[in-house]
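Peer 1: Residues per chain, in single letters:
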Amino acid sequence: MRAEDAFPARGIARRPLPRRSLRLWSVRHARALAAVYRGFERVLRGAHPLFARIGYARLERPVARVELAVKSALFDCRMCGQCVLSATGLSCPMNCPKGLRNGPCGGVRDNGHCEVHPDMPCVWVQAYAGAERMGAVARMGEARAPIDHRRAGLSSWLQAARGDVAS
Amino acid sequence: MLHPDDIGPVPWAPLKPLPGHVSRGRLERVLRRGEFAVTAEINPPDSADPDEIEHRIKPFEGWVDAINATDGSGAHCHMSSIAVSALLIRMGYSPVTQISCRDHNRIAIQGNVLGAAALGVANILCLTGDGVQAGDHPEAKPVFDLDSISLLQTIRTMRDEGKFLSGRRITGPPQVFVGAAENPFAPPHDFRPIRLAKKIAAGAQFIQTQYCYDVPMMARFMARVRDLGLHERCFILAGCGPLASAKAAKWIRANVPGVHIPDGVIARLEGAKNQRAEGKRICVEIIQQLREMPGIAGVHLMAYKQEESIAEIVHESGVLRGRTPWRRDLVAHMQAVETQGAA
Ligand code: SF4
Chain A
341 MRAEDAFPAR GIARRPLPRR SLRLWSVRHA RALAAVYRGF ERVLRGAHPL
391 FARIGYARLE RPVARVELAV KSALFDCRMC GQCVLSATGL SCPMNCPKGL
441 RNGPCGGVRD NGHCEVHPDM PCVWVQAYAG AERMGAVARM GEARAPIDHR
491 RAGLSSWLQA ARGDVAS
Chain B
-17 MLHPDDIGPV PWAPLKPLPG HVSRGRLERV LRRGEFAVTA EINPPDSADP
33 DEIEHRIKPF EGWVDAINAT DGSGAHCHMS SIAVSALLIR MGYSPVTQIS
83 CRDHNRIAIQ GNVLGAAALG VANILCLTGD GVQAGDHPEA KPVFDLDSIS
133 LLQTIRTMRD EGKFLSGRRI TGPPQVFVGA AENPFAPPHD FRPIRLAKKI
183 AAGAQFIQTQ YCYDVPMMAR FMARVRDLGL HERCFILAGC GPLASAKAAK
233 WIRANVPGVH IPDGVIARLE GAKNQRAEGK RICVEIIQQL REMPGIAGVH
283 LMAYKQEESI AEIVHESGVL RGRTPWRRDL VAHMQAVETQ GAA
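Top line first, the protein sequences correspond to chains A and B. Here the first sequence stands for residues 341 to 507, numbered as in this note's numbering. Here the second sequence stands for residues -17 to 325, numbered as in this note's numbering.
Any given hint might turn out to be false.
The calculated EDC-like cross-link candidates involving lysine to aspartate or glutamate, where the alpha carbons are at most 20 Å apart (straight line), are [what the hints assert, rightly or not]:
#1 Lys40/B to Asp311/B
#2 Lys40/B to Glu289/B
#3 Lys123/B to Asp450/A
#4 Lys287/B to Glu36/B
#5 Lys287/B to Glu34/B
#6 Lys411/A to Glu381/A
#7 Lys255/B to Glu274/B
#8 Lys145/B to Asp488/A
#9 Lys232/B to Asp450/A
#10 Lys40/B to Glu252/B
#11 Lys123/B to Asp488/A
#12 Lys287/B to Asp118/B
#13 Lys287/B to Asp31/B
#14 Lys229/B to Asp450/A
#15 Lys229/B to Glu252/B
#16 Lys229/B to Glu274/B
#17 Lys40/B to Glu290/B
#18 Lys123/B to Glu482/A
It should be emphasised that the hints constitute simulated quantities derived from the structure, not laboratory data.
Given only the sequences and the hints, what does the whole structure look like? Please build it.
Peer 2: This is how it looks when you write it as structure tokens:
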């Protein structure tokens, strides 16, 4: 039996193993995906007046659903509600069984796999590789404040549209 | 002889404050004076009997500058690190209290920092902590509400700004020398120096590394550290420890997260008649090489179940170069207290 993760997956993202290959694909294509995502972010920000008219509160549930579907497929996203993918080489840190958001623990195995789940590549080894591909290694050096557990499940896309700093 | 700055009115009391020092403990003084520091680690007992702590540290009394009290290391349950630290302080020793993020959330951790400082703890080591799968309670809830870096930031904010994470004011901030761990031997290797920089930026003033059995790898890491100027912004103590046998080394390599042992070391143990003695000799040689490595400020000894060998290792390595770390019989007051107690 596997030990519980510090930040378990929520909703339809509760699919611990099979999606993993796609997640690794995403990190391998971090550069292209990041470019797509930057474009998408611009669209989101442009949609702010429209979203404001509809009302962010009303949009929260449906948008969060779509976001979860897309991001759980691509990144095994766990909907922490304070997305940092752009600073972690598109490797979602909440898949780290310790939920670490500031870099790898000291337990990473010699083969680059996780201390807790030996069959899983450490998300931070992946993150570093992804960040190198994106040319975003410097962002890996940013210190991140502790997670706000109240935001779990909320849409990060809507936060981007509103111009809230995600983390 | 002992340095006068390291002697207080009574062994268990905080030392006289010194300018430029954040703590009133001995470890910070030794390091800031530029002396090569030696620390050692004890695993707290599975017991409520305080005498067991005395038994564990007695064999290396007078050979180390500070003693780490581990916090549920390997995710095994033991006496709490704060309680062990308080008992060590009562005896006059200077503990490094380890705080791991695995078992407590931010509310409990900040409370523990205040409590530890109130009990006289002058050094705190901030750790992420081993995963629960490694220990005797794999079914436990892994907390990890903070990580080592946000923990460093939290304690620094408490100390320097006198505030909790919430912003609420602390009337008597904890005067602690704050440290962190680093593992130069684990992937992603290129990221490790960046992570060290991150820890220093977050408040780490000293670093104790994972076991070093691969000196060339350590040298590569330290070269990068010096390029970044990190050795000037914190004191780096390299982790060392004797391997009991080739079998033990293989077991550790396979089962203890984050310990990297090169094949050459295992081959050398296998080829030795007396593997235990060879393990000690390897440790002494590594310490001597680290002593000469620019940017290394000391060594941190972890001799799990071989505590009795710590004194010999420090002695044989000669790293103290004649210096004597604090010990009870060198302090007249303590002798007086002891004789009073005996009478
Ligand atoms: S090895 Fe990597 S993924 Fe596993 S717990 Fe440590 S940081 Fe997280």
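Peer 1: Hints the structure violates: just list their numbers, smallest first.
Peer 2: 3, 7, 10, 16, 18
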